[in-house]
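J.: When you get a sec, could you build the whole thing from the sequences and use the hints?
Take any residue in the sequence shown, count from 1 to its spot, add 5: that is its number in the working numbering.
Don't take each hint at face value.
[As the list claims (entries may be wrong)] Here are the simulated lysine-lysine pairs, DSS-like style, with alpha carbons at most 25 Å apart:
no. : residue 1 : residue 2
1   : K66       : K80
2   : K173      : K146
3   : K66       : K19
4   : K173      : K54
5   : K104      : K66
6   : K173      : K80
7   : K104      : K54
[As the list claims (entries may be wrong)] Simulated restraints on C-beta separations:
no. : residue 1 : residue 2 : range
8   : Y124      : K19       : 18 to 24 Å
9   : P177      : D12       : 40 to 46 Å
10  : G14       : D155      : 42 to 48 Å
By construction, these hints were calculated from the structure, which means they are not laboratory data.
We put the beta carbon where it would ideally sit given N, CA and C, even for glycine.
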Amino acid sequence: NPSYSSDNGVLFDKGKEELIHYPVGNGRTSYAIPNTVTLIGEFAFRECKYLTDITIPDSVKTIGTKAFQGCIGLKGITTPDSVTSVGDGAFQSCYYLVKVTIPNSLKSISKYMFSNCSYLVSVTIPDSVETIGESAFSECKSLTNTTIPDSVETIGEYAFYYCESMTKITIPDSVKNIGGSAFRTEILDRM
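T.: In C-alpha coordinates, the structure reads:
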(Lines of atoms letter the chains of each structure in order from A and count residues from 1; the text may use other names and numbers.)
(Lines give C-alpha, C1' and ligand atoms only; values in the text may rest on other atoms or scores of the structure.)
Protein backbone atom coordinates (compact mmCIF):
# COMPACT_ATOMS: atom_id res chain seq x y z
CA ASN A 1 0.00 0.00 0.00
CA PRO A 2 1.47 3.41 -0.95
CA SER A 3 -0.05 5.26 2.05
CA TYR A 4 -0.39 2.87 4.99
CA SER A 5 1.46 0.12 6.82
CA SER A 6 0.43 -2.45 9.41
CA ASP A 7 2.43 -3.95 12.26
CA ASN A 8 0.75 -6.77 14.26
CA GLY A 9 -2.64 -5.41 13.25
CA VAL A 10 -1.90 -1.80 14.24
CA LEU A 11 -2.44 0.71 11.42
CA PHE A 12 0.21 3.37 10.69
CA ASP A 13 1.01 5.76 7.89
CA LYS A 14 3.64 4.41 5.46
CA GLY A 15 6.62 5.84 7.41
CA LYS A 16 5.23 4.73 10.82
CA GLU A 17 5.26 8.33 12.04
CA GLU A 18 1.50 8.40 12.74
CA LEU A 19 -0.28 5.69 14.67
CA ILE A 20 -3.70 5.76 13.05
CA HIS A 21 -5.64 2.93 14.67
CA TYR A 22 -5.13 0.21 17.25
CA PRO A 23 -7.69 -2.61 16.81
CA VAL A 24 -10.39 -2.47 19.49
CA GLY A 25 -10.81 -6.25 19.60
CA ASN A 26 -7.13 -6.96 20.18
CA GLY A 27 -6.82 -8.83 23.50
CA ARG A 28 -3.30 -7.64 24.40
CA THR A 29 -3.04 -5.98 27.81
CA SER A 30 0.11 -3.97 27.09
CA TYR A 31 1.47 -2.14 24.06
CA ALA A 32 4.64 -0.17 23.44
CA ILE A 33 4.22 2.45 20.74
CA PRO A 34 7.17 2.29 18.28
CA ASN A 35 9.74 5.06 18.68
CA THR A 36 9.23 6.16 15.07
CA VAL A 37 5.80 7.56 15.98
CA THR A 38 5.51 11.34 16.41
CA LEU A 39 1.68 11.56 16.23
CA ILE A 40 -0.95 9.43 17.93
CA GLY A 41 -3.98 10.07 15.74
CA GLU A 42 -7.53 11.05 16.68
CA PHE A 43 -9.47 8.13 18.23
CA ALA A 44 -6.39 5.87 17.72
CA PHE A 45 -6.97 3.76 20.88
CA ARG A 46 -10.60 4.67 21.50
CA GLU A 47 -12.42 2.05 23.60
CA CYS A 48 -9.51 -0.41 23.65
CA LYS A 49 -10.78 -1.91 26.90
CA TYR A 50 -8.20 -4.71 27.22
CA LEU A 51 -5.15 -2.44 27.40
CA THR A 52 -3.93 -1.84 30.95
CA ASP A 53 -0.49 -0.46 30.07
CA ILE A 54 0.60 1.73 27.15
CA THR A 55 4.17 2.98 26.72
CA ILE A 56 4.44 6.30 24.92
CA PRO A 57 7.98 6.92 23.60
CA ASP A 58 9.89 10.24 23.67
CA SER A 59 9.43 10.53 19.90
CA VAL A 60 5.72 11.43 20.30
CA LYS A 61 4.95 15.15 20.00
CA THR A 62 1.18 15.13 19.51
CA ILE A 63 -1.69 13.12 20.96
CA GLY A 64 -4.88 13.55 18.95
CA THR A 65 -8.44 14.28 20.04
CA LYS A 66 -10.01 11.42 22.04
CA ALA A 67 -6.97 9.23 21.28
CA PHE A 68 -7.43 7.09 24.42
CA GLN A 69 -11.10 7.84 25.17
CA GLY A 70 -12.86 4.95 26.89
CA CYS A 71 -9.74 2.84 27.52
CA ILE A 72 -11.30 1.56 30.71
CA GLY A 73 -8.48 -0.85 31.52
CA LEU A 74 -5.77 1.82 31.79
CA LYS A 75 -4.65 2.38 35.37
CA GLY A 76 -1.79 4.79 34.78
CA ILE A 77 -0.24 6.73 31.94
CA THR A 78 2.99 8.66 31.62
CA THR A 79 3.12 11.23 28.88
CA PRO A 80 6.73 12.14 28.03
CA ASP A 81 8.03 15.73 27.97
CA SER A 82 8.36 15.51 24.18
CA VAL A 83 4.54 15.90 23.92
CA THR A 84 3.58 19.54 23.29
CA SER A 85 -0.05 19.06 22.21
CA VAL A 86 -2.86 16.87 23.55
CA GLY A 87 -6.27 17.00 21.88
CA ASP A 88 -9.64 17.46 23.56
CA GLY A 89 -10.92 14.45 25.50
CA ALA A 90 -7.69 12.49 24.97
CA PHE A 91 -8.18 10.40 28.16
CA GLN A 92 -11.90 11.02 28.67
CA SER A 93 -13.82 8.16 30.35
CA CYS A 94 -10.72 6.12 31.21
CA TYR A 95 -12.66 5.17 34.35
CA TYR A 96 -9.97 3.18 36.17
CA LEU A 97 -7.12 5.58 35.48
CA VAL A 98 -5.65 6.27 38.93
CA LYS A 99 -2.42 8.10 38.18
CA VAL A 100 -1.32 10.41 35.39
CA THR A 101 1.87 12.29 34.63
CA ILE A 102 1.31 15.48 32.65
CA PRO A 103 4.41 16.51 30.68
CA ASN A 104 6.38 19.65 31.58
CA SER A 105 6.13 20.71 27.94
CA LEU A 106 2.34 21.18 27.94
CA LYS A 107 0.97 24.75 28.07
CA SER A 108 -2.68 23.77 28.12
CA ILE A 109 -4.74 20.98 29.62
CA SER A 110 -7.30 20.57 26.87
CA LYS A 111 -11.08 20.41 27.14
CA TYR A 112 -12.41 17.16 28.62
CA MET A 113 -8.84 15.79 28.79
CA PHE A 114 -9.50 13.69 31.92
CA SER A 115 -13.25 14.13 32.35
CA ASN A 116 -15.14 11.17 33.76
CA CYS A 117 -11.98 9.42 34.99
CA SER A 118 -13.86 8.30 38.07
CA TYR A 119 -10.92 6.67 39.89
CA LEU A 120 -8.32 9.38 39.28
CA VAL A 121 -7.02 10.15 42.78
CA SER A 122 -4.31 12.73 42.25
CA VAL A 123 -2.75 14.73 39.48
CA THR A 124 0.26 17.02 39.39
CA ILE A 125 -0.11 19.97 37.09
CA PRO A 126 3.36 21.12 35.90
CA ASP A 127 4.61 24.72 35.96
CA SER A 128 4.39 24.93 32.16
CA VAL A 129 0.56 24.89 32.15
CA GLU A 130 -1.16 28.26 31.60
CA THR A 131 -4.71 27.07 30.88
CA ILE A 132 -6.90 24.37 32.39
CA GLY A 133 -9.59 23.81 29.78
CA GLU A 134 -13.34 23.45 30.01
CA SER A 135 -14.40 20.27 31.87
CA ALA A 136 -10.75 19.11 31.97
CA PHE A 137 -11.28 17.15 35.21
CA SER A 138 -15.09 17.16 35.41
CA GLU A 139 -16.62 14.18 37.19
CA CYS A 140 -13.28 12.91 38.50
CA LYS A 141 -15.15 11.83 41.60
CA SER A 142 -12.14 10.33 43.42
CA LEU A 143 -9.82 13.31 42.90
CA THR A 144 -8.96 14.42 46.42
CA ASN A 145 -6.47 17.23 45.85
CA THR A 146 -4.42 18.96 43.26
CA THR A 147 -1.96 21.81 43.18
CA ILE A 148 -2.51 24.52 40.63
CA PRO A 149 0.87 26.09 39.79
CA ASP A 150 1.60 29.82 39.58
CA SER A 151 1.81 29.56 35.79
CA VAL A 152 -1.97 29.01 35.41
CA GLU A 153 -3.95 32.08 34.31
CA THR A 154 -7.25 30.52 33.21
CA ILE A 155 -9.44 27.79 34.69
CA GLY A 156 -12.22 26.92 32.26
CA GLU A 157 -15.91 26.32 32.85
CA TYR A 158 -16.69 23.07 34.68
CA ALA A 159 -12.93 22.35 34.99
CA PHE A 160 -13.35 20.51 38.32
CA TYR A 161 -17.13 20.01 38.11
CA TYR A 162 -18.42 17.24 40.41
CA CYS A 163 -15.00 16.45 41.86
CA GLU A 164 -16.90 15.58 45.01
CA SER A 165 -13.96 14.04 46.93
CA MET A 166 -11.81 17.14 46.58
CA THR A 167 -11.18 18.50 50.06
CA LYS A 168 -8.59 21.17 49.29
CA ILE A 169 -7.44 23.26 46.36
CA THR A 170 -5.23 26.31 46.35
CA ILE A 171 -5.78 28.85 43.60
CA PRO A 172 -2.68 30.99 42.99
CA ASP A 173 -2.71 34.75 42.45
CA SER A 174 -1.72 34.19 38.81
CA VAL A 175 -5.26 33.01 37.96
CA LYS A 176 -7.14 35.81 36.17
CA ASN A 177 -10.19 33.94 34.90
CA ILE A 178 -12.31 31.19 36.47
CA GLY A 179 -15.17 29.88 34.34
CA GLY A 180 -18.69 29.25 35.58
CA SER A 181 -19.27 26.14 37.72
CA ALA A 182 -15.51 25.40 37.66
CA PHE A 183 -15.67 23.90 41.16
CA ARG A 184 -19.35 23.00 41.42
CA THR A 185 -20.21 19.79 43.27
CA GLU A 186 -23.32 17.79 44.10
CA ILE A 187 -22.98 18.99 47.71
CA LEU A 188 -23.42 22.58 46.54
CA ASP A 189 -26.48 21.56 44.56
CA ARG A 190 -28.16 20.31 47.74
CA MET A 191 -27.67 23.64 49.55
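J.: Hint numbers the structure violates, sorted upward?
T.: 4 and 8
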